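Line by line, the protein sequences give chains A and B. Plus 629 on top of the position in the first sequence (first one is 1) and you've got our numbering. Plus 629 on top of the position in the second sequence (first one is 1) and you've got our numbering.
These are calculated hints, taken from the structure and not from any lab test. Fair warning: there could be bad hints in the mix.
Identical copies look the same in the list; a pair holds intra-copy or inter-copy alike.
[As the list claims (entries may be wrong)] In silico EDC-like cross-links for lysine to aspartate or glutamate, where the CA-CA straight-line distance does not exceed 16 Å:
| id | residue 1 | residue 2 |
| --- | --- | --- |
| 1 | 857 | 639 |
| 2 | 857 | 959 |
| 3 | 857 | 819 |
| 4 | 857 | 744 |
| 5 | 857 | 956 |
In this text the structure is predicted, and so the values were computed from the model without any measurement.
Protein chains: 2
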Amino acid sequence: MARRVTSEAEIIERYFAPLAAGLPGAFGLLDDCAAIHPPPGHDLVLTTDAVAAGVHFLPGDHPADVAWKALAVNVSDLAAKGAHPLCYLMSCAFPEAPEHAWLQAFAEGLAAAQEAFAITLAGGDTDRRPGPLSITIAAFGTLPTGCMVRRQGARPGDRLFLTGSVGDAALGLMLRTDPNWLAGRALAPEGQRHLLWRALRPQPRTALADVLRAHARAAMDVSDGLVKDLGRMMRASGTRAVIEAARMPLSPAARAILAEEPWRIADCLTGGEDYEILAAVAPENAGPFASLAVASGIPVAAIGEIVEGGGVCVLDGSGHPMQLEREGYDHF
Amino acid sequence: MARRVTSEAEIIERYFAPLAAGLPGAFGLLDDCAAIHPPPGHDLVLTTDAVAAGVHFLPGDHPADVAWKALAVNVSDLAAKGAHPLCYLMSCAFPEAPEHAWLQAFAEGLAAAQEAFAITLAGGDTDRRPGPLSITIAAFGTLPTGCMVRRQGARPGDRLFLTGSVGDAALGLMLRTDPNWLAGRALAPEGQRHLLWRALRPQPRTALADVLRAHARAAMDVSDGLVKDLGRMMRASGTRAVIEAARMPLSPAARAILAEEPWRIADCLTGGEDYEILAAVAPENAGPFASLAVASGIPVAAIGEIVEGGGVCVLDGSGHPMQLEREGYDHF
Chain A
630 MARRVTSEAE IIERYFAPLA AGLPGAFGLL DDCAAIHPPP GHDLVLTTDA VAAGVHFLPG
690 DHPADVAWKA LAVNVSDLAA KGAHPLCYLM SCAFPEAPEH AWLQAFAEGL AAAQEAFAIT
750 LAGGDTDRRP GPLSITIAAF GTLPTGCMVR RQGARPGDRL FLTGSVGDAA LGLMLRTDPN
810 WLAGRALAPE GQRHLLWRAL RPQPRTALAD VLRAHARAAM DVSDGLVKDL GRMMRASGTR
870 AVIEAARMPL SPAARAILAE EPWRIADCLT GGEDYEILAA VAPENAGPFA SLAVASGIPV
930 AAIGEIVEGG GVCVLDGSGH PMQLEREGYD HF
Chain B
630 MARRVTSEAE IIERYFAPLA AGLPGAFGLL DDCAAIHPPP GHDLVLTTDA VAAGVHFLPG
690 DHPADVAWKA LAVNVSDLAA KGAHPLCYLM SCAFPEAPEH AWLQAFAEGL AAAQEAFAIT
750 LAGGDTDRRP GPLSITIAAF GTLPTGCMVR RQGARPGDRL FLTGSVGDAA LGLMLRTDPN
810 WLAGRALAPE GQRHLLWRAL RPQPRTALAD VLRAHARAAM DVSDGLVKDL GRMMRASGTR
870 AVIEAARMPL SPAARAILAE EPWRIADCLT GGEDYEILAA VAPENAGPFA SLAVASGIPV
930 AAIGEIVEGG GVCVLDGSGH PMQLEREGYD HF
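Okay, chain A solo, but in the shape it has when bound (with noise of 0.2 Å):
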C-alpha cells in the first residue's frame, strides 16, 4: 500500500523546506513567516490565483504538471504587469493525507517551475479538508517604483499584441476531456502531443516583461478567453478594441483543426487558459516594441487595434463582425 505522510512537519521539512533554500528570509520555513524586501527604488507587485482539481486541472493529473501550472498562472500575472518574480507563499488544502510519492513528484514540478521562472518559495500553509485538492499561491515579482504596467492605459490608436498563439489550451483541454474527438480528424501526432502539452504546461512569458515596461500602455495576461479578458482591459482603459480573426497567432495543430472546422475560431478566441500576454503600444512604438519581444525570445502579433468607445469587436475574415456565443470562462 502506498505510504502517506503523517503530520503537517514531514510535509514541510521533508518536501517544500528544499524549495525554500535559495530565499534567506524563507527561513528554512521554520518560521511561520517569510521577510523580504525589494531592491531600493522597486516595488513589490503582488498576485494570487488558485488551482484546484476537477476545476483548473483534471483529478488524476501527474503531479508534477500539477505544480507547474499552479505556479505559471500566478508567474503570468507578474510578466504580463513587467515584474521579475522574486518569491511566492503556497497554500494547499488536501482531500486526505497526500501519498509520499505524490508530494515528491509534486515538489520536483515545483522544483522545476521555480528553476524555469527564476522565483523561490518563501512559506506557506498545509491543512487537509473536504473538497478536491487546491493550491493556492500568492507570487511576488518586482519592478522599478510606480512602473507596474497596467490593465487601464490603453489609448485609440494603439496597436494590439499578442504573444506565442492563441486557442492551444482550449483545443488540448478538449483532447484531453474527450477521447474521441480527434477520430477521423488528420491531426499528426506531433500536433496533439503540442495541444496536450500547451494545456498542462502553461509557459509565462516572463522574458518579456523589461520590453513591456519599456513600450506597453497597457497589457494584461490571458487566462479566461482571450476576448473576454480583452473586454476587461477596454473596460479598464475606457476604449474599444478591434480584433481580426485572420490575424490571430495559431499553431501548426490549431491551423490544422480549423482548417476542417473553421468554426473552432470561436474555442480560441474564447476558450481561455493561453496564458499569453496581451499588449496595447502606441503606434510609434509598435516597431521596437516587435522588435524587441522577437530579441527576447518571444514571437508576437499584431491582432488589432484601440478605437473609441467601448467593447470588443471581432471580425471575421470577410471583415464582418462575428456573434460569439460567450466571451470566454466565468467562475459563477
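Following the hints, put chain B in place on chain A, whose structure we already have.
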C-alpha cells in the same frame, strides 16, 4: 428566493473593491496585480493561512464572523513576528454562487476587521468549486529590516510569557459543537458569551509588535495548541521549555469550568485557536517586557522558562510532569 451573484466581476466591483479603497497600489481591484513597497529600511513580512467551513469555522457561521477569523488568524502571525499589518490578498472558493446578503455581511465583517487591525485589501481571486467554502489569505506587514522576531532564538534562562488567556477558544468550541455540554455546569451566561466570543473572534495582539521587537528573543502565535506550538519554538531554538499549569493565564469563565473539572486544563493547553502570543524573553528584559506589554494594553503572564535540552515539560500543581494525551492540533 435569495438572490445570488452571477459573475466574478459583480463580486469584485460591488463587495470587494470598496475594501481596497485605502491602498493606492490596489488600483481599485481593476487590475489583476497590486503594487506596494515597504518604507525605506523596512522588510515586508509575508504569511498565509486558510480557513474552511467544517475545519476552521462551522458551516452556517455568520459571514461577518468568518471574515473576521479569516483575516485575524493571518494578522496574528504578523503581530507575533513584530510586524505592523499593511495589506492582504484574499482567495475565495465558493461551492455555489454566493447570495448577495451573504456577501454583504461578509464584506462588512472584513471592513470591521480591517479597521481593527489597520490592514487593507490589495487584491485576490474568486472562484467556484466543489467542497467547503474556503478563504485563503496572504497577509503582509512591515518592520525594520532584519528585525523579524523568529521562532528560533530562545536561550536557556529565558522567561516564557503568554499574552491574554489560554483555552477559551477550545472551551468555546465545545460549547458550540455540543449544546448539552454545559448541562449541570455553573457557568453564568456572561461566561458562556465570553467563551463563544473567543472562539469566533480571535483578537490579534497587534499592539504588542513593537514590544516584541524590542525585548523578545523568540516569539510565535499560538494557533494549534500551546504545548504543540511551544514545542515548535523549542525545536527551532534547540532548547527545552518548562511551564507550570498553575501559572497559566485563565479567564474567569475558564476558571469556573476548571473548578468543577480540573482535568480540563489539558484541553486548555492543547486545544488551539488561542491566537495569543508566546514569547521568550531574556531574564534582564523580563521586567521591561511585562511593563511595556501592560502599557500597550496587552496582559501578559510568565508561564515558565527555557532550559537546556529539547521538548516541552508541563508541571502540574504539585510540580510533577503532566502526561498529555496529545500536544495540539494536526491536520494529518
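Hint-by-hint comparison with the structure:
1. 857 with 639: between (42 Å within a copy, 15 Å between copies)
2. 857 with 959: Answer is within: at 9 Å inside a copy they meet the 16 Å cutoff, but 42 Å across does not.
3. 857 with 819: Neither way: residue 857 and residue 819 sit 30 Å apart in one copy and 54 Å across, limit 16 Å.
4. 857 with 744: neither (31 Å within a copy, 35 Å between copies)
5. 857 with 956: within (5 Å within a copy, 51 Å between copies)
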